[in-house]
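S.K.: From first to last, the protein sequence lines are chains B and V.
Take the first sequence: its position 127, counting from 1, is numbered 127 in the working numbering, and each next residue is one higher.
Converting from the second sequence to the working numbering requires adding 1000 to each position, the first position being numbered 1.
Just so you know, these hints were derived from the structure itself, not from any lab.
Ideal placement from N, C-alpha and C gives every residue a C-beta, glycine not left out.
Careful: at least some of the hints might be erroneous.
[What the hints assert, rightly or not] Some chain V residues near chain B, calculated using beta-carbon distances under 10 Å:
no.: 1; residue: Thr1047
no.: 2; residue: Val1081
no.: 3; residue: Gly1083
no.: 4; residue: Arg1089
no.: 5; residue: Leu1103
no.: 6; residue: Ala1104
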Amino acid sequence: MTAVARVYRWELAKLLAQKRTYLGLGAAAIVPVIFVVVLVLQSGGPNDVPLGRYIRDTGLAVPFVVLFFMSIWGLPLITALVAGDIVASETQNGTLKTILTRSRERGEVFAGKVLATATYTLALVFALGVVGLVAGSIAWGFHPLTSLSGTQVAAGHGLLLLLASLVIYALPLAGIAAFAFLLSTVTRNSAASVVGALMWALFMQLLGVLPGTEGIRPYLLATQFEAWHGFLRVPADWAPVVRALWVCALYIGIPLAAAYVVFLRRDVAGE
Amino acid sequence: MNDAPPVETRGLVKRYGELVAVDHVDLHVERGDVFGYLGPNGAGKTTSLRILLGLIRPTEGAARLFGRDPLIAGAKALEGVAGFVEAPRFYPYLSGRRNLSLLADYDEPSSRSRIEEVLELVELRDRAKDRVGGYSHGMRQRLGIAASLLRQPRLLLLDEPTTGLDPAGMRDMRDLVRRLAGEGITILLSSHLLYEVEELCNRVAIIRKGRIVYQGALRALLETAASGYRLRAREPERARAVALNQAGVADLRLDGGELRFSADEDAVAALTVALGQARIPFTALVPETASLEELFLGMTDGESSDHDRPAAVAV
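Isolated chain V (complex conformation) (with noise of 0.2 Å):
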């Protein structure tokens, strides 16, 4: 029983009617990974969720949690597991301390000991005595962390928790997850930002939708995902001549006054100093990432696509 990973779901299936919400998807989540469910919004992250936390039945396959089916063990399965899917949501009449030890009381009432410590760590504490009904967006996503905290879990699933965050609250629910990841708490984290599973995450699974399209380590997928570069120079045509001439420099193409390539670090690092010597003023050297739909067309297309593709989105 202890040795049973995290998550592990078998040819799940979630039919509403036609919609086929989740599309066989097995998923395999180890001890201490960040796990980065991605993939756009729709395609099934939100309802694989529900089904590990046991709030939908599957159509179809089995999902366990440290190798207890929700279906099956019930509220027991959850042991040593907290989370929340789409937004967390609380009594909006109550406090947000009181919310934490109705919260407490439906765990055992001796989680209500860490309310104070949650609280701080999520820096809720000012404002606890406040009705939730109160709180902005950010504040009840970080009363939603402290609520699964209270829990002590050894696995997380967070559902989009930086989603309608400004950019500081996302930092700081990055900085949490880390540090929470840091701890040793397994993390499930779904996401439909690529940045922010490659900031967080070891290990991701796509899911399109509702199949997933690829699971593994998330420096193999980057590495699938052809990285290339593109060149803002003053002299574009010289440039491009002196680019050709470059070892290692590949995929050469001038567009819209500037030059794409595609090329490791050392021949970067090579034509850059080509450039200098023939004093070529160049302006931007940026590595470009594929965005999430491009790697999407990748999983989907094979690699066949990479030298026609628009124009790549730095994200």
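Isolated chain B, as found in the complex (with noise of 0.2 Å):
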């Protein structure tokens, strides 16, 4: 094993050891839960949304619409929960300078919390997508799918369909956690890490809803959410799927790189 990969198994292994962690996946695994719940014991529905007309057709429908809920705020919440804390904690703990006093150079240990937090963030979209479908599935059973084109896609090719929407889907999720990770690493504290981020992705949700702003739209964060959407035509939309892919590329690459230099330069003193 390489020394990135025996620092990315420690940085899960501290991941897994923290009430955090667990909470955040517990939330982007209840949500979809309660959502079907609410949706049995309830008539209407989240009509307004993609897929949302569908959605007591079947549990394929369900993760889609989940997932544009919880754009908004919920993952970016949970995301940056972890990432916001993964180098602040070590710092107000003192244990960086520990790491640090050992023979693994600062990248090293920096390219593990890197893994470790893009390891959290895909997790949370999978358990979000998959208790999704899960639930709706035992809810309403496992159909074939409505596509945003109004065409039926086959249950298993829609299948297919999630697990690339939840891929593409983490983009811009990662964008918020690499965000977390550069406060994180500069403001050496946790709680304001957690709260900047997710300022800054209610500021881009913000930016994208006010009039004016329909140039630099397709360019905000908040907007690549929405990417998956192209899978979900027949046939496929690539134009979004291949901006979020660059988009969200400068929106996590920028904020690492900084995150990079100021590890690697920084003073690790006081506790």
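Fit chain to chain and form the complex, with the hints in mind.
M.R.: See the structure below:
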């Protein structure tokens, strides 16, 4: 195992030993269940959102609808909960100095932490997706899905589309995680980083709904949460997907590059 | 490379805005030294150690461990070096043993095989499966030593290792340091306790307000601190008269019913005989060691204050 892989493994082990990880994953898993239970008990539904009208047709529609609602602040919050903590908590506990006086270069420690944060972010999206699919299928069965173009998509193919959608959806979330990671490195304060990253996500949402921002809207982070719509069209519309790829690369890459520079050079003092 | 001294710093400066925490520090630790880095709290000891461990960047100057600068060589500069600054810190939600296996993996996984051995050495094996969150300060301190020894260091940097320990813990820690030094590990130990350094170290550097005011052999340092004696006799005036006629007794004065003087050991021995012959009983004859603060005064004000310094506190 390479050095980075060992650091990564321990970063995961640290996450798995902390309550906030389970708080985040638990929230991601419980929301679709609550969502399904409420819709089973109540009539009416989220008819205004993509695929909302078909939610009682098949369990396949449930994850997509929940993804929409969770993109506003739910997932950004629980992503930041861990990403904003992962460097700051080690500064506050003084354990950063402990691991930085071993044989690993700072860059290796940084890489391990970034990979662990990415893993957590992906795990959130998949926890939400899988639980939503299972809960929805229990309630309404696993049936063909109606695409955004109005055509029927076989259940098996719908599953593939869901998988692709979860992956592309994780990218803007990773953008928020990267911003939280930067704050975590710079502020050395866990709470400030979580709140700061959430404000960043909400600011992106706000920019998107203000009048006069149509020109920049396609390049806002919040817009990329809708990139999966491209997969759900027949034929598939690759434009939003491709745009999400490079736009998110910037939203992820720039904060991470800044965090890297700070992490490599910063003084590890205080407790 | 191999002949390079374990620690060498040149003109080390660390500024925080206006504050100069470390002011042109030149440290030189030789192989096999148990080097005492002595100074009051806030003098710059910890800051110097942080620079040595590569945790902070010096504003000016350079630090080298076995010839390698942590600023340039990164973690490779710490090869053969281990230690901690301030209290050692661990993951409170992991057990002691798991903390050590984590740290072993941050080195080379092969050092995992030494975990039980180092736990045994610091007498933590019984508690190794418990979370560090429930450890006492002394146990964490010992775990810090264990974590350092996992690296099989040739140089150990210890920042006030006995601070906050109870008397038994302090004694155990000093025994451990002595034992490690006996195994040939070079040790740089910071402390604000003169007697601790006296007990353990062969060479010292004294830092005051970021500046090194003395560096060299401990013996030479103690000679610069004029030592005196305190005598409590039943009849102080008569005792004074006897002492006045005693060769080798100097700086004699009566202070609150006690005699104070300076003398070498032979003169003191002769004085006790003279007091006995004169049938003057005495209840205490105590050698006085200068306190660290007085040493500092001596360092900074020259030798002038020796005569009229305040009552020495034996440390």
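S.K.: Evaluate each hint against the coordinates.
M.R.: Hints and how they fare:
For the restraint placing Thr1047 of chain V at the interface with chain B, the shortest Cβ-Cβ distance is roughly 8 Å, inside the 10 Å limit, so the hint holds. Interface restraint check: Val1081 of chain V against chain B, minimum CB-CB distance 8 Å, threshold 10 Å, status holds. Taken as an interface hint, Gly1083 of chain V checks out: its beta carbon lies about 7 Å from the nearest beta carbon of chain B, inside 10 Å. With 10 Å as the threshold, the beta carbon of Arg1089 of chain V comes within range of chain B, its nearest partner Cβ sitting at about 3 Å, so the hint holds.
The restraint placing Leu1103 of chain V at the interface with chain B holds, with a minimum CB-CB distance near 6 Å, inside the 10 Å limit. Among the interface hints, the one on Ala1104 of chain V holds; its C-beta lies about 9 Å from the nearest C-beta in chain B, closer than the 10 Å criterion.
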